[in-house]
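So the protein lines, in turn, are chains A and B.
All residue numbers for the first sequence refer to the numbering used here, where the first residue is 66 and numbers rise by one.
All residue numbers for the second sequence refer to the numbering used here, where the first residue is 20 and numbers rise by one.
Read the hints as simulated data drawn from the structure, not as lab findings.
Here the structure is a predicted model, which is why all the values come from computation and not from measurement.
Incorrect hints may have been included.
To be verified - To spell it out: a stretch of chain B is covered by chain A in this simulated footprint if at least three of its residues, at any positions, have a beta carbon under 8 angstroms from a beta carbon of chain A; those stretches are:
1) 324-335
2) 402-411
3) 415-429
4) 452-458
Claimed, not checked - Below, a sample of chain A positions facing chain B; criterion: calculated Cβ distance under 8 angstroms:
5) ILE249
6) SER341
7) ILE385
8) LEU396
By construction, the Cβ of each residue, glycine as well, lies at the ideal position given by its N, Cα and C atoms.
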Amino acid sequence: MIPKGFLKYMIRRSLSLFVSLVVAIYISIVLANLGGLVDEIIKADLLMSITMQVRDNPAYKYLSASEKQEIINKLYQSALEAKGLNTPFPIRSLYYLRDALLFDFGRALYLTSDTGSKQVKLIILERLPQTVMLFTTATLINFFLHLFGGLILARHYGSKIDKVIATLAPTSVIPGWVYGIFLILIFYSWLYLLPAGGMVDYPPPLDPISYSLSVLKHMILPLLSWILSGLFLGLYSSRTFFLIFSTEDYVEAAKAKGLPPRLVDRRYVLRPLLPSTITNLSFALIGSWGGAIITETVFDWPGLGRLMSVALSYPDPPVIIGEVIIYAWLLMLTVLTLDVLYALLDPRIKIWGE
Amino acid sequence: MAVKKQASRLMSILSELLHYKYATLGLTILIFLVILSIYAIVTIPVTEAIKLWRSADIWSRNPRNAQPEFVEIFYQKKLPRTIIISIMDANLSKVKLENNKIKATGILSFYYNYDDFPSEIIIFFNVNYSESPVVNIYWIRPDNEEIYLKSLKLRRQDDRYYLSNDFNLENNLNELFMNKLGQRPSYVVTVEKGLFASFSSNLQVLKGKYNIRFEIIMNEGDYFNAEMVIYGKVYGIAGTDHLRRPLTIALLWGAPIAISFGLVASSLITLVNLIIGTISGWYKGTIDAVIQRIVEINTILPFLPTLILLSTIYKIDIFVILACVIALSIFSIGTKNTRVLVMQIATYPYIEAAKAYGASNWRIIFFYIIPKILPSLIPGMISAVPGFVFLEAGLSYLGLGDPFLPTWGKVINDAFSNGALYKGYYYWVILPTFMLVLTAISFSLIGMALEKIVNPRLKEL
Chain A
66 MIPKGFLKYM
76 IRRSLSLFVS
86 LVVAIYISIV
96 LANLGGLVDE
106 IIKADLLMSI
116 TMQVRDNPAY
126 KYLSASEKQE
136 IINKLYQSAL
146 EAKGLNTPFP
156 IRSLYYLRDA
166 LLFDFGRALY
176 LTSDTGSKQV
186 KLIILERLPQ
196 TVMLFTTATL
206 INFFLHLFGG
216 LILARHYGSK
226 IDKVIATLAP
236 TSVIPGWVYG
246 IFLILIFYSW
256 LYLLPAGGMV
266 DYPPPLDPIS
276 YSLSVLKHMI
286 LPLLSWILSG
296 LFLGLYSSRT
306 FFLIFSTEDY
316 VEAAKAKGLP
326 PRLVDRRYVL
336 RPLLPSTITN
346 LSFALIGSWG
356 GAIITETVFD
366 WPGLGRLMSV
376 ALSYPDPPVI
386 IGEVIIYAWL
396 LMLTVLTLDV
406 LYALLDPRIK
416 IWGE
Chain B
20 MAVKKQASRL
30 MSILSELLHY
40 KYATLGLTIL
50 IFLVILSIYA
60 IVTIPVTEAI
70 KLWRSADIWS
80 RNPRNAQPEF
90 VEIFYQKKLP
100 RTIIISIMDA
110 NLSKVKLENN
120 KIKATGILSF
130 YYNYDDFPSE
140 IIIFFNVNYS
150 ESPVVNIYWI
160 RPDNEEIYLK
170 SLKLRRQDDR
180 YYLSNDFNLE
190 NNLNELFMNK
200 LGQRPSYVVT
210 VEKGLFASFS
220 SNLQVLKGKY
230 NIRFEIIMNE
240 GDYFNAEMVI
250 YGKVYGIAGT
260 DHLRRPLTIA
270 LLWGAPIAIS
280 FGLVASSLIT
290 LVNLIIGTIS
300 GWYKGTIDAV
310 IQRIVEINTI
320 LPFLPTLILL
330 STIYKIDIFV
340 ILACVIALSI
350 FSIGTKNTRV
360 LVMQIATYPY
370 IEAAKAYGAS
380 NWRIIFFYII
390 PKILPSLIPG
400 MISAVPGFVF
410 LEAGLSYLGL
420 GDPFLPTWGK
430 VINDAFSNGA
440 LYKGYYYWVI
450 LPTFMLVLTA
460 ISFSLIGMAL
470 EKIVNPRLKE
480 L
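Take the sequences, apply the hints, and build the full model.
So this is what it looks like as structure tokens:
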């Protein structure tokens, strides 16, 4: 049974986050349109579809070119009016906002989806699962590695391995993509062990088992680069965190009672710290969406980030704007999910709601 | 008085910093990088650096994609440097022919003592003529084998002869090797190998003195200069890229750019976040709610994608990038820590006292609260520098960096887009990446030590 207070809190929180999302998307639309970019894209898109309609319409088949052009112009003008594109920007921008919230990002200028569509929505949706698969896996592996590794280190405080990890902690300022470059050098250029990039072998294997094995093989290096990048600082800070909190009186009391160390860790150290570890996880996840762009480019991983850098090289503004909005959605959903977790774990929030 | 006190405090922090071995290491690296930056700025002024980095002609005498000279340690052999030799008109021996014609002969010679073949050979002519001169070129090897290279009719004042692309020559050399060896050699005879290899069944460089004889038929009064470039496989400290540019320029100039970008971004953002966080924590109520709402919106507005969006719409240089980075971070999540801290400090007696004697809100914020929090933020500020250094590099890697300045990220971008990792030009990727890592580690080490000095509770752990 879900407590009523919790439900209330969640509804309030989702509403508030949604409002923030709308504002964030609106800001990005305004930013994008400072030079009239969005207007141009949408008008070109409209003109294009009307031209196609007129050209393909059998009723207009025997008209001369200039007559067709006139029809096109007329239809275009009325469509502009119908879509509210003749209104001043403050009003027009609200139409854009509506389209953005409905995932209607228009058509790409150059890029196409694998199915051949020019719809930005389809192009982006096609890439979304790959990014989520890679970076959620990486973040979760990191999270649990740091949590339990930190616990073990805290227990072996002062040991040789503890010192080694403390010494290596500064290496974590190097982002995953730089580790990625070194990993490609070692495992691809030097040892010929693993592929340098991509998601599956070419040609892709037909049966699902060898297909997924091939994907796994391509995932090793990107995953490893993110794990290595976060490892030492993550272990070091969670270990320091645990050490600070294991000197609290209630932990000392539990130890004095003679409880086994594992139980003390679980019940008296981990549990009260859970909310703040969740906060760390949320930071990591939020950071991962941005960092994914460069890492995916280094590893040629066909996700949102790689799409972004491809769109950038053309450049293909509708895709870029669409991606900004999708990333905003992703961030919003991440924050919301973590709020839910937070609320479930932190008893104080349940009480507030009531 | 106050300045003196501040200075002595700074000195004491510095001396405490040196107690940490890793901080000393970090400082040493940083000082090295700063010296490098100063050297770069002094020896190659910024306009000069941009000009050098963006012009193709200057580097025509440099080898393409040459490795740095130090790689010889790994190969255990002497790799070829670039040899440039020229022949001047005055040194030609001229014989008069009929019809105002002259037959000029000149010999270029050089010693070749390297263990590997050159990467490319080009002859650059510099002639002045009333009628196109004809040049016959002969290649005389240390084993006295004379190879006829080509008969050229020069059609431009600055005509060039690319030996490496001469298919006729390559065919002739192949035939020559077949005749000498009595069979097809086990190796591929390219122009460079054909000219520099000894006639043996296994590939070997023929060391010794090489002569190139030019025989020119030209009109009286014309002049003929030629320069022969035998491109090596190694170049300088850092090698060259696909456009023959020495990477040293970019590696040197990358340092001041990276360090100043990182420091400016980090310190300004820390300061702005501090002010916003303090205002939010001090005023509470509506102002706090509004600021927290903006922070939430800022969290949802994706940082890097928005930066990319902005840089595709507007042609931007490094200062605009910096401004955008700072603008997008004004209301970052970092303000939340300060806010919580300020809420605690607001209950301290000295703040109560300030309120009691009627200090204004601004006075309390800027004179009593911010100076108290600022020192505790310095370590974080230093530790945040690498993040911005890598951000700049990452943007350059994506092709969004400053369009003119040579930066480390740009070199990595060039290397990747020219397939350095597939073609084996590892130095091209490793050197700029190494510089980035060096910079990042130095700030990170110093930041970590400062953290322990400012936050003594960590010292025991």
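So, going through the hints one by one against the coordinates:
1. 324-335: Result for this restraint: holds, n = 8.
2. 402-411: It holds: at least three residues are needed, and the stretch 402-411 of chain B offers 4 whose Cβ sits within less than 8 angstroms of chain A.
3. 415-429: Answer holds; 4 residues pass the 8 angstroms Cβ test.
4. 452-458: Contact hint for the stretch 452-458 of chain B vs chain A: holds, 3 residues under 8 angstroms.
5. ILE249: At about 6 angstroms, which falls below the 8 angstroms cut-off, the nearest Cβ of chain B leaves the hint on ILE249 of chain A intact, so it holds.
6. SER341: For SER341 of chain A, the interface hint is violated, since the closest Cβ of chain B sits about 12 angstroms away, which is over 8 angstroms.
7. ILE385: 5 angstroms, holds
8. LEU396: Holds - the Cβ of LEU396 of chain A comes within 8 angstroms of chain B, reaching about 5 angstroms at its closest.
Violated hints amount to a single one, hint 6; each of the other numbered hints is respected by the structure.
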